[in-house]
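Trainee: Whole structure, please, built from the sequences with the hints as guidance.
Using UniProt numbering, the first residue of the sequence shown is number 1, and each one after it goes up by one.
To be clear, the hints were calculated from the coordinates, so they are not data collected in a lab. The reader is advised that the hints may include incorrect statements.
[To be verified] With a straight-line cut-off of 25 Å between C-alpha atoms, the simulated PhoX-like cross-links for lysine-lysine are:
1. K213 to K201
2. K113 to K101
3. K305 to K113
4. K270 to K245
5. K239 to K270
6. K270 to K305
Everything numeric in this text was worked out from a predicted model, so none of it was measured.
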Amino acid sequence: MYGDCMQLRLGMSPEDIQRLRNVSVVFHLAASVRFDDPLKDAILTNVLSTRELFELCLGMKALRAVVHVSTAYSNPEQTQVDERLYPAKADWRKMLDCALKFDTQILDILTDKVTDFAPNTYTFSKGLAEQVCRDYESQLPLVIFRPSIVVNTIEEPLVGWIDNLNGPSGMLLGAGTGIVRTDLMPTGNRANTIPADISIKALLLAAWRRGTKEQTHRQNHLPVYNSAVEHEHSWQFDKMIDCGKANMTKLVFSRLLWVPGGSTTTWRVKYYLMVLLLHILPAMLVDTLCLVCGKRPFGKCSSRKLLYDTLCIISGTLKPNGFDRSGMVCREMISPPSAGT
Numbered sequence: 001m002y003g004d005c006m007q008l009r010l011g012m013s014p015e016d017i018q019r020l021r022n023v024s025v026v027f028h029l030a031a032s033v034r035f036d037d038p039l040k041d042a043i044l045t046n047v048l049s050t051r052e053l054f055e056l057c058l059g060m061k062a063l064r065a066v067v068h069v070s071t072a073y074s075n076p077e078q079t080q081v082d083e084r085l086y087p088a089k090a091d092w093r094k095m096l097d098c099a100l101k102f103d104t105q106i107l108d109i110l111t112d113k114v115t116d117f118a119p120n121t122y123t124f125s126k127g128l129a130e131q132v133c134r135d136y137e138s139q140l141p142l143v144i145f146r147p148s149i150v151v152n153t154i155e156e157p158l159v160g161w162i163d164n165l166n167g168p169s170g171m172l173l174g175a176g177t178g179i180v181r182t183d184l185m186p187t188g189n190r191a192n193t194i195p196a197d198i199s200i201k202a203l204l205l206a207a208w209r210r211g212t213k214e215q216t217h218r219q220n221h222l223p224v225y226n227s228a229v230e231h232e233h234s235w236q237f238d239k240m241i242d243c244g245k246a247n248m249t250k251l252v253f254s255r256l257l258w259v260p261g262g263s264t265t266t267w268r269v270k271y272y273l274m275v276l277l278l279h280i281l282p283a284m285l286v287d288t289l290c291l292v293c294g295k296r297p298f299g300k301c302s303s304r305k306l307l308y309d310t311l312c313i314i315s316g317t318l319k320p321n322g323f324d325r326s327g328m329v330c331r332e333m334i335s336p337p338s339a340g341t
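Mentor: Shown next, in the form of structure tokens:
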């Protein structure tokens with residue numbers, strides 16, 4: 001089936017929509033996870049797609065569960081994230097109307113104003129998508145699933161498998177290849193990471209529970225599950241860096257641009273100076289060499305994205321968040337005979 005999350009009716013043909021009418025369980029995972037997406041693209045991808053999918057779900061007669069995958073950081077201003085919806089930061093209908101009417105440049109100018117200086121467009125748009133769920137909760141058997149920072153698998157399909165470089169994976173790869181030389185890292189900061197296969201199992205469990213034990217979609221009944229780890233099991237970044245330094249000479253990347261090294265800092269001014277000396281100037285040198293050799297330059301663009309992603313991660317996902325996980329205690333959600341399988 002062909003589809004486009006940024007189009008009305010998800011860009012699907014009437015024939016494909018008709019084929020979906022017998023679907024009983026829906027997982028909405030399609031989203032943009034880029035921190036630097038323009039506001040227009042983030043709203044169309046994360047908010048419009050949610051509304052259009054729910055409209056399609058209204059025509060599914062055998063529907064038992066609709067799982068909307070959000071993020072544990074959809075409310076980054078909260079230091080304690082409970083398994084409930086928080087007040088809307090903006091009217092999702094008005095924001096969607098603006099995204100459909102205005103071009104990208106206009107919305108980029110107004111981004112800080114309309115988002116109330118949200119850390120990034122990703123968390124802002126995911127928060128709006130949760131409000132879409134609230135408006136459809138009386139019509140659909142909805143459940144909101146909030147994973148924290150999803151990283152490589154620990155078991156299935158392979159140990160350490162991952163298909164993208166989002167979040168800490170990209171930062172660690174950059175450090176291992178010598179590209180990342182410095183980082184802004186407040187002391188004691190932790191990253192609440194969860195392996196992809198563990199999160200997927202929890203996702204399936206949430207769908208099962210919504211479709212069996214909670215077969216009701218009355219008003220004010222919208223289950224929310226935080227898929228996160230306990231605070232003591234989250235990654236402390238300074239310890240992660242120490243571990244990387246200890247294994248730097250044992251596990252060497254096959255392609256290095258620079259010998260891995262550098263340091264972190266808690267002082268933002270020092271960080272900007274180090275970025276200038278260790279990221280931007282070397283990137284300009286690499287771009288110059290690329291132009292001389294007739295190759296496409298990439299250093300400046302990579303440095304800019306690295307700087308933006310670092311600031312977004314620090315401000316949006318590395319705060320001392322605590323997550324209520326009471327709804328995701330698997331042993332209490334499944335029957336005793338199934339608990340050992």
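Trainee: Does each hint fit the structure? Answer for all of them.
Mentor: Going down the list of hints, with the structure as the test:
1. Taking the CA atoms of K213 and K201, the gap is near 17 Å; set against the 25 Å cutoff, the hint holds.
2. This hinted pair checks out: K113 and K101 have alpha carbons roughly 18 Å apart, not beyond 25 Å.
3. At most 25 Å may separate the alpha-carbon atoms for a hinted pair to count; K305 and K113 meet this at roughly 22 Å.
4. Restraint check for K270 and K245: satisfied, since their Cα atoms lie roughly 22 Å apart, inside the 25 Å limit.
5. Simply put, K239 and K270 have alpha-carbon atoms about 21 Å apart, close enough for the 25 Å limit, and the pair holds.
6. Under the criterion of a C-alpha separation no larger than 25 Å, the hint pairing K270 with K305 is consistent with the structure, at around 19 Å.
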